[in-house]
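Guided by the hints, dock chain L onto chain H, whose structure is given.
Protein chains: 2
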Amino acid sequence: MKEERNPILGKQSIVLNEPVYLIESASVVGKKEGEGPLGNLFDLVGEDDLFGCKSWEDAESCLQREALSLSLQKAGWKQGDVRFLFAGDLLGQEIATSFGLEKFERPLFGLYGACSTCALSLTLGSLIIAGGFAERTACVTSSHFASAEKEFRYPLGYGNQRPLSATWTVTGSGAFLLAKAPDGGKRPRAAITGMTPGKIVDFGLKDSMNMGACMAPAAASTIKQHLQDFGRRPEDYDKIITGDLGTVGQTVLLDLLEKEEIDISGNHMDCGIEIYDAKEQDTHAGGSGCGCSAVVLSAYILKMLEEGVWKRVLFAPTGALLSKTSFNEGQAVPGISHCLVLESLYPDDGNR
Amino acid sequence: MKEERNPILGKQSIVLNEPVYLIESASVVGKKEGEGPLGNLFDLVGEDDLFGCKSWEDAESCLQREALSLSLQKAGWKQGDVRFLFAGDLLGQEIATSFGLEKFERPLFGLYGACSTCALSLTLGSLIIAGGFAERTACVTSSHFASAEKEFRYPLGYGNQRPLSATWTVTGSGAFLLAKAPDGGKRPRAAITGMTPGKIVDFGLKDSMNMGACMAPAAASTIKQHLQDFGRRPEDYDKIITGDLGTVGQTVLLDLLEKEEIDISGNHMDCGIEIYDAKEQDTHAGGSGCGCSAVVLSAYILKMLEEGVWKRVLFAPTGALLSKTSFNEGQAVPGISHCLVLESLYPDDGNR
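Each protein sequence line maps, in turn, to chains H and L. The letter at position 297 of the first sequence is residue 297 when you use the working numbering, and the numbering goes up by one with no holes. The letter at position 102 of the second sequence is residue 102 when you use the working numbering, and the numbering goes up by one with no holes.
Worth flagging that the hints you see were computed from the coordinates, not collected in a lab. Just so you know, not all the hints are guaranteed correct.
Identical copies go unnamed one by one, so any copy, or any two together, can satisfy a pair.
[Unchecked claim] Under the rule of at most 25 Å between Cα atoms (straight-line distance), these lysine-lysine pairs were calculated in the BS3-like manner:
| # | residue 1 | residue 2 |
| --- | --- | --- |
| 1 | 324 | 54 |
| 2 | 150 | 206 |
| 3 | 150 | 324 |
| 4 | 103 | 324 |
| 5 | 74 | 324 |
| 6 | 78 | 186 |
| 7 | 78 | 11 |
| 8 | 78 | 224 |
| 9 | 239 | 311 |
| 10 | 103 | 239 |
| 11 | 103 | 11 |
| 12 | 54 | 206 |
| 13 | 103 | 259 |
| 14 | 103 | 224 |
| 15 | 206 | 103 |
| 16 | 150 | 303 |
| 17 | 11 | 74 |
| 18 | 31 | 279 |
These numbers come from a predicted model, not from an experiment.
So here's chain H without its partners, still in its complex pose (with noise of 0.2 Å):
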């Protein structure tokens, strides 16, 4: 059963031969988001979006913390144990992490890829898995709404319009639970067969009202690799899920691809877009931030594995590499998307 390891893929990919498994996970979000298409899938929906904190930073730990205890609770475990944490979120200095999980007395990888995060925690976890060096690991990333405008544009009482272009930061955070075995008799929610780490590419593009723009170069530039060095086509997922380039980048990721001759108009999806009813939530372009792929993800995509409805999606999470410093100064948006392949356990016939 035990094949020769040979993890190493191509260019820039990692397979796992023993796959990582995805044992459980939570979902926490706030009002707007319960609102949204996807809104009673959630686990826990927020009534207002300070959940009983005092400052909007304080909210966004509070999500982290309810979203990994909740998933703790589901999946049975103590906090003791997860071996290692791997978290992070989009303030400055991660603040939200750092508040946020301290009360789990666990040693932490602070992370920091911007929306991509969720992919950087669940690529970094499962590998300190299959390595060898942890039997359990949890997976935390978190966005607010109002403390991503107050960090990276205007504080909410400065009322400014915001063009269409725009994207909406998601206030929700995604607990992952990830074992080297299955637990007990319970299937898993997902494996973690291989993954695709990303480079950052700059197209020099300056507007960050249109992250969706700034972002589909590195999605792009990840998916052709990933498909490249593992040999697959397009049509070999179920879904190629990217994380927040809303209608907007959606548009220039299917461009880039068609001009290097890949075809996913037919098997694409955003969490940007599924998130919100753009239209009746006046959401714009639609959701992002760390939150917005970690919530889907949890809530959405997990259950369309587990059910057996998707076998094998490809989850790339995109991140816009800016700061309010960096945008003031006149640099560009560069952006990153790091890409894991999820496969369902489904048992009629789990592996093609």
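Chain L alone, transformed into the frame defined by chain H:
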């Protein structure tokens, strides 16, 4: 020769039965660091702290670029030889890293551990190799006095007074090249043989001008757990080296460990104390920043290991998990510390 892999140790440690090699490294620093006691050990000292750039943030990106380029050059590696980059800095959304490293076009794992980030990058960079997921990785971290003052405290033009407990953020970047096997005939600078990733430790201290005291409890927690997990005593290390506790934090650390009946007073060293002549250079409690432990590791600690003066050291950088926002909102300053075991490969009696 190949032992059974048993890398999980004690409560939160990992032991590498097959070490990962620290092949080469480079340190680039600012003018003040060049004038300090370690001045003539650094690879490159800037003539002024803008390094020919237009902003402090750009200058910090330039430090990272120079450090990585220089280390590659010293090792005779091409940038394509590096499978993955592990990097981070102190600025909001890690812009020094994004803009510093994008031109290398390598897959990037962005990390945030405040001033402990150098240890975080070496931990993950070496585990990815030890797990068989890469042959070669590079780890880069930086800080810059002027960009950090602007990010965390006041712009330099404000000319605020600094209390004696304050530390001085080091302008510098260190880059480290790791590999599975020694390169050709050249002896690597050191071997990484184990690590203890740290938890967030929060004693409720709120004084951001006394970060040494805020971080000391985290250093004490990680060092204590490390010794317990590895079944070692302080004297099993020639030096136990913290990152940037400074003189105030050092006192707190020694006191906290003494209460646990652990005496490291004979072999403790702090990079922040070593890098400046506090009286002559008016740096108060010592140096700080991710760059501090990184450049002292590259220029001084690795030199001592390389020459066989020290056989085995514990390298334990420390981070203060605060931001301007968390400080203004009255939050405490929790600390975190990750440690690594570094061993000399000097031929005489390389292993004890």
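Status of each hint after checking the structure:
{"no.": "1", "hint": "324 with 54", "result": "both (24 Å within a copy, 17 Å between copies)"}
{"no.": "2", "hint": "150 with 206", "result": "both (19 Å within a copy, 23 Å between copies)"}
{"no.": "3", "hint": "150 with 324", "result": "both (10 Å within a copy, 13 Å between copies)"}
{"no.": "4", "hint": "103 with 324", "result": "between (30 Å within a copy, 22 Å between copies)"}
{"no.": "5", "hint": "74 with 324", "result": "neither (38 Å within a copy, 36 Å between copies)"}
{"no.": "6", "hint": "78 with 186", "result": "within (17 Å within a copy, 47 Å between copies)"}
{"no.": "7", "hint": "78 with 11", "result": "between (39 Å within a copy, 15 Å between copies)"}
{"no.": "8", "hint": "78 with 224", "result": "between (40 Å within a copy, 23 Å between copies)"}
{"no.": "9", "hint": "239 with 311", "result": "within (9 Å within a copy, 53 Å between copies)"}
{"no.": "10", "hint": "103 with 239", "result": "neither (37 Å within a copy, 31 Å between copies)"}
{"no.": "11", "hint": "103 with 11", "result": "between (40 Å within a copy, 17 Å between copies)"}
{"no.": "12", "hint": "54 with 206", "result": "between (34 Å within a copy, 18 Å between copies)"}
{"no.": "13", "hint": "103 with 259", "result": "between (49 Å within a copy, 23 Å between copies)"}
{"no.": "14", "hint": "103 with 224", "result": "between (41 Å within a copy, 19 Å between copies)"}
{"no.": "15", "hint": "206 with 103", "result": "between (39 Å within a copy, 17 Å between copies)"}
{"no.": "16", "hint": "150 with 303", "result": "neither (33 Å within a copy, 45 Å between copies)"}
{"no.": "17", "hint": "11 with 74", "result": "between (38 Å within a copy, 24 Å between copies)"}
{"no.": "18", "hint": "31 with 279", "result": "within (17 Å within a copy, 56 Å between copies)"}
In summary, the structure is inconsistent with hints 5, 10, 16 from the numbered list given earlier, while agreeing with the others.
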